[in-house]
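Asker: Spelled out from the first residue to the last, the chains are:
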Amino acid sequence: EAGVAQSPRYKIIEKRQSVAFWCNPISGHATLYWYQQILGQGPKLLIQFQNNGVVDDSQLPKDRFSAERLKGVDSTLKIQPAKLEDSAVYLCASSLVEEQFFGPGTRLTVL
Amino acid sequence: RKEVEQDPGPFNVPEGATVAFNCTYSNSASQSFFWYRQDCRKEPKLLMSVYSSGNEDGRFTAQLNRASQYISLLIRDSKLSDSATYLCVVEYSSASKIIFGSGTRLSIRP
Chain F
2 EAGVAQSPRY
12 KIIEKRQSVA
22 FWCNPISGHA
32 TLYWYQQILG
42 QGPKLLIQFQ
52 NNGVVDDSQL
62 PKDRFSAERL
72 KGVDSTLKIQ
82 PAKLEDSAVY
92 LCASSLVEEQ
102 FFGPGTRLTV
112 L
Chain S
249 RKEVEQDPGP
259 FNVPEGATVA
269 FNCTYSNSAS
279 QSFFWYRQDC
289 RKEPKLLMSV
299 YSSGNEDGRF
309 TAQLNRASQY
319 ISLLIRDSKL
329 SDSATYLCVV
339 EYSSASKIIF
349 GSGTRLSIRP
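Sequence lines, in order, name chains F and S. Okay, so the first sequence: first residue is 2 according to this note's numbering, each after it adds one. Okay, so the second sequence: first residue is 249 according to this note's numbering, each after it adds one.
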């Protein structure tokens, strides 16, 4: 069974630029999550989708971050404009019931 | 106070030793609890769910203490391959809120 796919794997941008990440969850998984993991910390939930509806986006910095999950399958997370403190690994996960399956993540460096 | 707290470690123990970690949570409305394992520069993977009655999976035992608001993970007969960061996860189903702890680093030495 294919796992959660994410692209790109690495991205280096300068501050104030824009960036977008893509995630394709495991087929049939209704729930999709985006996390931000800063070095030395645990993942922080940014947004959770159930199909194409938002369940929780309370920790998403909405002035610069946006996410969508059109058609309830794959999803994109965008940062515009990026700040230095956005440097982190962005993890996408999907679940059918309880267990979350994570993708390999996108490592973002903002210079 | 953080909603989910873990001792960051690192715990450095010899192969074959028994090691235990605790994770405390602040919200008594928490409903689901999990331990995830994360290897260096890899994604987290579910190690085990934590049930009120406690659960065991081979060398791993997880316990939940609702009165004191903590969960624990016990690893017996530790192997070199157990070296990783162990993340505690607390979920508030009513609010659809998921919180990861910062993780406890474990290093097993030969």
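You may find that some hints are simply not true.
So these bits of chain F aren't anywhere near chain S, every CB distance computed over 12 Å [what the hints assert, rightly or not]:
1) 4
2) 16
3) 57
In silico DSS-like pairs for lysine-lysine, Cα to Cα no more than 25 Å straight-line [unchecked claim]:
4) F:16 <-> S:345
5) F:12 <-> S:293
6) S:345 <-> F:79
7) F:12 <-> S:290
8) S:327 <-> F:45
9) S:293 <-> F:84
10) S:290 <-> S:345
11) S:290 <-> F:72
12) S:290 <-> F:79
13) S:250 <-> F:72
14) F:63 <-> S:293
15) S:345 <-> F:45
Don't read these hints as lab results, they were simulated from the structure. The structure displayed is predicted, hence computed values, not measured ones. Yeah, the Cβ is synthetic: ideal placement off N, Cα and C, and Gly gets one too.
Asker: Now tell me if each hint is right for this structure.
Answerer: How the hints compare with the structure:
1. 4: 9 Å, violated
2. 16: 24 Å, holds
3. 57: 5 Å, violated
4. F:16 <-> S:345: Between residue 16 of chain F and residue 345 of chain S the Cα gap is close to 30 Å, so the pair fails against 25 Å, i.e. violated.
5. F:12 <-> S:293: 24 Å, holds
6. S:345 <-> F:79: 22 Å, holds
7. F:12 <-> S:290: 17 Å, holds
8. S:327 <-> F:45: Roughly 29 Å between the alpha carbons, so the hint for residue 327 of chain S and residue 45 of chain F is violated.
9. S:293 <-> F:84: Cα-Cα ~29 Å, so violated.
10. S:290 <-> S:345: 24 Å, holds
11. S:290 <-> F:72: 29 Å, violated
12. S:290 <-> F:79: With a Cα-Cα distance of about 22 Å, the restraint between residue 290 of chain S and residue 79 of chain F holds, given a limit of 25 Å.
13. S:250 <-> F:72: Distance ~36 Å between residue 250 of chain S and residue 72 of chain F Cα, so the pair is violated.
14. F:63 <-> S:293: 28 Å, violated
15. S:345 <-> F:45: OK: residue 345 of chain S and residue 45 of chain F at ~11 Å, within 25 Å.
Hint compliance for this structure: hints 1, 3, 4, 8, 9, 11, 13, 14 are not met, and every other hint is.
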